[in-house]
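Please model the complete structure; the sequences and the hints are all you need to start from.
Note that the numbering used here has the sequence shown beginning at 10, numbered continuously upward.
No lab work stands behind these hints, which were simulated from the structure alone. Quantities reported herein were computed from a predicted structural model and do not represent experimental measurements. Built from N, CA and C at the ideal position, the CB exists for glycine as well. Any given hint could turn out to be false.
What the hints assert, rightly or not - Label pairs and their in silico Cβ distance ranges:
| # | residue 1 | residue 2 | range |
| --- | --- | --- | --- |
| 1 | T106 | E236 | 52 to 58 Å |
| 2 | E175 | D80 | 46 to 52 Å |
| 3 | G188 | G243 | 23 to 29 Å |
| 4 | P290 | K389 | 22 to 28 Å |
| 5 | G376 | H120 | 46 to 52 Å |
| 6 | E229 | K152 | 36 to 42 Å |
| 7 | E128 | E99 | 39 to 45 Å |
| 8 | E128 | L238 | 32 to 38 Å |
| 9 | R255 | A364 | 29 to 35 Å |
| 10 | G73 | H120 | 16 to 22 Å |
| 11 | D235 | I137 | 32 to 38 Å |
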Amino acid sequence: MGKKQLIILACAGVLVAGLAAVMLFTQQSSGEEIHRASMHKERHTSVETIGLENKMQRFTYDSGFTFKYPDAVRGIYVTGPSAGGSRMNELINLVETTELNAMVIDIKEDHGNLTFKPEGTKYEDIGINFIDDPRKLLKKLEKKGIYPIARIVVFKDSVLAKKHPEWSFTKNGEVWTNGKGEAFVSPFQKEVWKYNVEIAKMAAEMGFQEIQFDYVRFPEGFEDYDEVLQYSQGDYKNAEMKNVKRRVKAVTDFVEYANKELEYYDVDVSVDIFGYAATVPQTAGIGQDFSKIASNVDVISSMIYPSHWTSYFGIDFPDKHPYKLVSEYAKVENKVLGKLKNPPTSRPWIQDFEAPWLYSGPPTQYGKAEVEAQIRALNKHGINEFLLWNAGNSYSENVDYTPLG
Numbered sequence: 010m011g012k013k014q015l016i017i018l019a020c021a022g023v024l025v026a027g028l029a030a031v032m033l034f035t036q037q038s039s040g041e042e043i044h045r046a047s048m049h050k051e052r053h054t055s056v057e058t059i060g061l062e063n064k065m066q067r068f069t070y071d072s073g074f075t076f077k078y079p080d081a082v083r084g085i086y087v088t089g090p091s092a093g094g095s096r097m098n099e100l101i102n103l104v105e106t107t108e109l110n111a112m113v114i115d116i117k118e119d120h121g122n123l124t125f126k127p128e129g130t131k132y133e134d135i136g137i138n139f140i141d142d143p144r145k146l147l148k149k150l151e152k153k154g155i156y157p158i159a160r161i162v163v164f165k166d167s168v169l170a171k172k173h174p175e176w177s178f179t180k181n182g183e184v185w186t187n188g189k190g191e192a193f194v195s196p197f198q199k200e201v202w203k204y205n206v207e208i209a210k211m212a213a214e215m216g217f218q219e220i221q222f223d224y225v226r227f228p229e230g231f232e233d234y235d236e237v238l239q240y241s242q243g244d245y246k247n248a249e250m251k252n253v254k255r256r257v258k259a260v261t262d263f264v265e266y267a268n269k270e271l272e273y274y275d276v277d278v279s280v281d282i283f284g285y286a287a288t289v290p291q292t293a294g295i296g297q298d299f300s301k302i303a304s305n306v307d308v309i310s311s312m313i314y315p316s317h318w319t320s321y322f323g324i325d326f327p328d329k330h331p332y333k334l335v336s337e338y339a340k341v342e343n344k345v346l347g348k349l350k351n352p353p354t355s356r357p358w359i360q361d362f363e364a365p366w367l368y369s370g371p372p373t374q375y376g377k378a379e380v381e382a383q384i385r386a387l388n389k390h391g392i393n394e395f396l397l398w399n400a401g402n403s404y405s406e407n408v409d410y411t412p413l414g
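Written out as structure tokens, the structure reads:
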């Protein structure tokens, strides 16, 4: 059940309870008291005629857009430069002429910059004017019937780490970076939570229908860095638990906080998560617990690119076997989500790119057959939504995105 439906039911419940109370009061009163109760009832009824839809407006933000959730989201990733440049016309044409129907658009990208310039706000200095007018872009997507999702990278943030080293991880007095030169801010820091959720609220106010949080985790391999890096554990310092569980709690708490803070905006909340997180009780270093995160979101998007797996599921070279890898993963995820009381929608990220770093010779080419194989594998196990990842936004041609439809 969607958030908007829940709000409508809650409003209806309040109205019914109010009328019941008035009726009870009129039965127990007499004379002037009955007259007062009658007047109160009349006023209450006149308010009721406004309608539940109008009442709902008091409790949720109205961006002015009327996007419709697709039968099943089938989307592509779009960078800020693509979204704000001439390339966007090609990507819109791709969606319009195929079974695709959604776009995941960078709003806060991997370095920590915004892809638009929020003038007059405290975030103006981190904005790059890739998308000159986000509202204008969303109006175009609305007209085309393309469902918009805002991607916000959370804890991988070199910009914020440099600005606030005290919120980051340091080594020998300098902000620590991984092998790629990327810095992270700490999930223990609630100032970082607020910083990112305020950006999410801006995206919701623009008109995005869903907020997708990415890099909701500690740096990869953090279990190896835990003892050599300096960082504050904030409110988690005195928690009576081992560091692994402390990291899991911080990441889970952030997701719960973000979801609650965004309720007013009536947007769906989704989280990108490593695929292998579904195969273990909890990840030792990065702090992702698949079940706990999934319990606090509307959509869970596992990154299940065949190229990102080692010999899991008895598959010797997963990048060469996209159908088998995705099929085996889907079996595991379905079992995990099946144990949850209110499981979210599953919408995995699938691969539409080559992985030459895995090969000594030419890599397995990913095109029509390989993309369709991944979709068929998902469909076989009842997973009908997916997102396509290609960092350069160059997607395979002539793909049937509903191969079993």
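Quick rundown of the hints versus the structure:
{"no.": "1", "hint": "T106 - E236: 52 to 58 Å", "result": "holds, 54 Å"}
{"no.": "2", "hint": "E175 - D80: 46 to 52 Å", "result": "holds, 47 Å"}
{"no.": "3", "hint": "G188 - G243: 23 to 29 Å", "result": "holds, 27 Å"}
{"no.": "4", "hint": "P290 - K389: 22 to 28 Å", "result": "holds, 26 Å"}
{"no.": "5", "hint": "G376 - H120: 46 to 52 Å", "result": "violated, 30 Å"}
{"no.": "6", "hint": "E229 - K152: 36 to 42 Å", "result": "holds, 41 Å"}
{"no.": "7", "hint": "E128 - E99: 39 to 45 Å", "result": "violated, 29 Å"}
{"no.": "8", "hint": "E128 - L238: 32 to 38 Å", "result": "holds, 36 Å"}
{"no.": "9", "hint": "R255 - A364: 29 to 35 Å", "result": "holds, 34 Å"}
{"no.": "10", "hint": "G73 - H120: 16 to 22 Å", "result": "violated, 31 Å"}
{"no.": "11", "hint": "D235 - I137: 32 to 38 Å", "result": "holds, 33 Å"}
Against the hints set out earlier in the document, violations occur for numbers 5, 7 and 10.
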